[in-house]
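Sequence lines, in order, name chains X and B. No gaps in the numbering here: position 42 of the first sequence is 42 in our numbering, and each next residue is one more. No gaps in the numbering here: position 279 of the second sequence is 279 in our numbering, and each next residue is one more.
A portion of the hints provided could be inaccurate.
Okay, the calculated bits of chain B under chain X, using three or more residues with CB under 8 Å as the criterion [what the hints assert, rightly or not]:
# : region
1 : 40-52
2 : 209-215
3 : 303-312
Simulated pairs of lysine-lysine, DSS-like, Cα-Cα distance not exceeding 25 Å [to be verified]:
# : chain 1 : residue 1 : chain 2 : residue 2
4 : X       : Lys50     : B       : Lys353
5 : B       : Lys98     : B       : Lys391
6 : B       : Lys98     : X       : Lys50
Worth flagging that the hints you see were computed from the coordinates, not collected in a lab. The beta carbon of each residue, even a glycine, is placed where N, CA and C say it ideally should be.
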Amino acid sequence: MLLIACPYCGERPETEFRYAGEAHIARPHDPSALNDDEWVDFLYQRANPKGLHVERWRHIHGCARFFNAVRDTVSDRIFKTYEAGEPRPDVNAVAADVLAKESER
Amino acid sequence: MQKFSGFSLIRQALSGHQGWQAQWRTPEPKASYDAIVVGGGGHGLGAAYYMAKEHGLKNIAVLERGWLGGGNTGRNTTIIRSNYLFDESAALFDHAVKLWEGLSQELNYNVMFSQRGVLMLAHTVHDVQSFKRHIHANRLNGVDNEWLSAEEAKEFCPPLNISPGMRYPVVGAALQRRGGVARHDAVAWGYARAADALGVDIIQNCEVTGIRRGVNGAVEGVETTKGFIGSKRIGVSAAGHTSVLMAMAGVRMPLESYPLQALVSEPVKPVFPCVVMSNTIHAYISQSDKGELVIGAGTDAYTSYSQRGALHIATHTLDAICELFPMFRRMRMLRNWGGIVDVTPDRSPIIGKTPVPGLFVNCGWGTGGFKATPGSAHVFAHTIATGEPHKINAPFTLERFRDGLMIDEAAAAAVAH
Ligand SMILES: Cc1cc2nc3c(=O)[nH]c(=O)nc-3n(C[C@H](O)[C@H](O)[C@H](O)COP(=O)(O)OP(=O)(O)OC[C@H]3O[C@@H](n4cnc5c(N)ncnc54)[C@H](O)[C@@H]3O)c2cc1C
Ligand SMILES: [Zn+2]
Numbered sequence: 001m002l003l004i005a006c007p008y009c010g011e012r013p014e015t016e017f018r019y020a021g022e023a024h025i026a027r028p029h030d031p032s033a034l035n036d037d038e039w040v041d042f043l044y045q046r047a048n049p050k051g052l053h054v055e056r057w058r059h060i061h062g063c064a065r066f067f068n069a070v071r072d073t074v075s076d077r078i079f080k081t082y083e084a085g086e087p088r089p090d091v092n093a094v095a096a097d098v099l100a101k102e103s104e105r
Numbered sequence: 001m002q003k004f005s006g007f008s009l010i011r012q013a014l015s016g017h018q019g020w021q022a023q024w025r026t027p028e029p030k031a032s033y034d035a036i037v038v039g040g041g042g043h044g045l046g047a048a049y050y051m052a053k054e055h056g057l058k059n060i061a062v063l064e065r066g067w068l069g070g071g072n073t074g075r076n077t078t079i080i081r082s083n084y085l086f087d088e089s090a091a092l093f094d095h096a097v098k099l100w101e102g103l104s105q106e107l108n109y110n111v112m113f114s115q116r117g118v119l120m121l122a123h124t125v126h127d128v129q130s131f132k133r134h135i136h137a138n139r140l141n142g143v144d145n146e147w148l149s150a151e152e153a154k155e156f157c158p159p160l161n162i163s164p165g166m167r168y169p170v171v172g173a174a175l176q177r178r179g180g181v182a183r184h185d186a187v188a189w190g191y192a193r194a195a196d197a198l199g200v201d202i203i204q205n206c207e208v209t210g211i212r213r214g215v216n217g218a219v220e221g222v223e224t225t226k227g228f229i230g231s232k233r234i235g236v237s238a239a240g241h242t243s244v245l246m247a248m249a250g251v252r253m254p255l256e257s258y259p260l261q262a263l264v265s266e267p268v269k270p271v272f273p274c275v276v277m278s279n280t281i282h283a284y285i286s287q288s289d290k291g292e293l294v295i296g297a298g299t300d301a302y303t304s305y306s307q308r309g310a311l312h313i314a315t316h317t318l319d320a321i322c323e324l325f326p327m328f329r330r331m332r333m334l335r336n337w338g339g340i341v342d343v344t345p346d347r348s349p350i351i352g353k354t355p356v357p358g359l360f361v362n363c364g365w366g367t368g369g370f371k372a373t374p375g376s377a378h379v380f381a382h383t384i385a386t387g388e389p390h391k392i393n394a395p396f397t398l399e400r401f402r403d404g405l406m407i408d409e410a411a412a413a414a415v416a417h
């Protein structure tokens with residue numbers, strides 16, 4: 001079970017949360033302008049990376065708020081969580097930063 | 001190929017089993033092939049076999065990054081059935097069951113296909129309505145599936161608890177008698193041995209790290225940990241790693257990869273006659289010929305390539321197993337493990353062409369593709385060899401998401417099956 005740091009409530013066990021898929025997929029501003037391929041990309045196609053992933057979680061059994069996380073899908077380690085609405089971080093920099101701080105210790 | 005038979009077994013026994021040959025060669029890759037299959041699971045090995053056998057292609061390679069069947073093929077709970085709702089799915093899965101029925105003879109390899117019946121438990125009014133709808137749809141498609149009352153289900157599977165006091169009482173069940181289980185490793189090994197005998201090069205410890213495309217966009221070959229290997233026809237059959245491979249060719253996929261886990265108990269004498277599954281309370285169980293209870297759990301909530309699932313997921317399944325089969329409450333579990341399953345938005349597979357000329361894909365089998373192995377391999381071989389889908393896999397395109405032609409088994413059974 002993962003320990004997840006809700007940006008509002010702090011660290012809580014995974015079972016308090018609900019996963020909500022890849023983050024930063026913005027709803028199109030002008031939906032009628034999209035062609036079919038763009039709709040497929042928005043609705044169905046996902047990065048699904050083996051490595052660092054930005055994803056949404058919802059603290060459903062806590063504050064009930066959505067937030068985002070940077071997680072390594074190989075180790076399942078979460079490098080950062082941040083409030084919804086914040087820009088997408090540079091995931092490699094985030095992970096490198098955490099690892100560098102760790103090796104200093 | 002050294003033929004297996006009762007006679008060869010006796011002869012080898014008399015000479016102390018010293019005369020068995022390796023079941024397939026260990027070749028170094030050639031500079032190029034007529035077709036390359038990426039992924040040495042049952043689907044990939046089977047596709048190579050049918051390409052060699054039915055389409056006359058002789059110069060074929062299967063590239064596997066680890067060992068044969070080390071992916072989901074060797075990690076699954078081997079439930080085989082074909083009672084899916086939609087016409088397209090019923091045709092595909094029943095094609096597979098028909099091939100399963102003759103597979104041991106076809107491959108001269110005992111895949112231990114055992115049609116002991118698959119019992120799907122209904123716990124709610126919704127389950128009852130949905131199962132009955134499946135049964136009627138299946139009958140129209142010539143696929144066997146029948147409705148049992150709770151008492152009839154208990155008669156078919158005596159360990160089943162049907163007491164009305166359960167948290168989720170069993171109110172009935174759907175039974176597919178032609179369903180059952182098979183030996184997962186044997187499926188990979190049997191196809192590998194038969195494909196090798198037809199000249200297919202099976203190359204293990206060979207990870208594909210890139211897909212090379214020419215100026216016209218068509219594939220030219222693959223970069224691997226054993227160097228570049230050329231081919232104008234590449235079939236990707238890499239289950240949970242499909243998104244990673246397709247990204248190498250610049251193709252985004254409607255897939256997400258999740259860990260799915262299974263566990264086995266200590267071995268005991270034969271106590272369990274069939275396969276029982278409950279999608280509603282997440283429990284899948286059968287007994288292997290070794291005597292272990294083979295138990296399937298659900299997927300984790302989040303995408304991952306970690307090949308292990310969370311403990312609370314397995315615990316949840318064991319809760320359900322103990323409730324359904326109180327006599328297993330004191331069984332000890334020996335091992336558990338996970339595999340990475342690639343899930344599509346409609347829970348149906350994708351088998352067909354891609355936007356890249358020469359690149360074909362077989363994926364999206366999610367939590368339920370072992371049962372389809374021979375059928376999927378057979379139609380994927382047709383697709384790679386002829387460049388066009390077989391009529392059975394024609395509806396399972398990548399474009400169906402764009403064209404709104406989903407085969408929405410998700411609504412019917414959105415969990416492991
Ligand atoms: C725990 C569990 C239980 C399941 N239970 C059932 C069940 O009861 N019934 C059922 O029908 N299905 C079940 N499934 C699903 C089933 O296992 C799969 O759908 C099926 O086995 C997929 O077969 P495959 O040959 O496509 O994939 P795999 O056997 O996973 O083969 C893909 C291969 O590709 C290789 N590969 C990946 N990347 C590369 C690369 N870059 N280069 C070279 N090779 C690569 C992998 O190493 C792997 O060996 C279950 C799955 C799991 C994990
Ligand atoms: Zn919170």
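Tell me the hint numbers this structure goes against, listed in increasing order.
Going through the list in order, the structure violates hints 1, 2 and 6 and respects the others.
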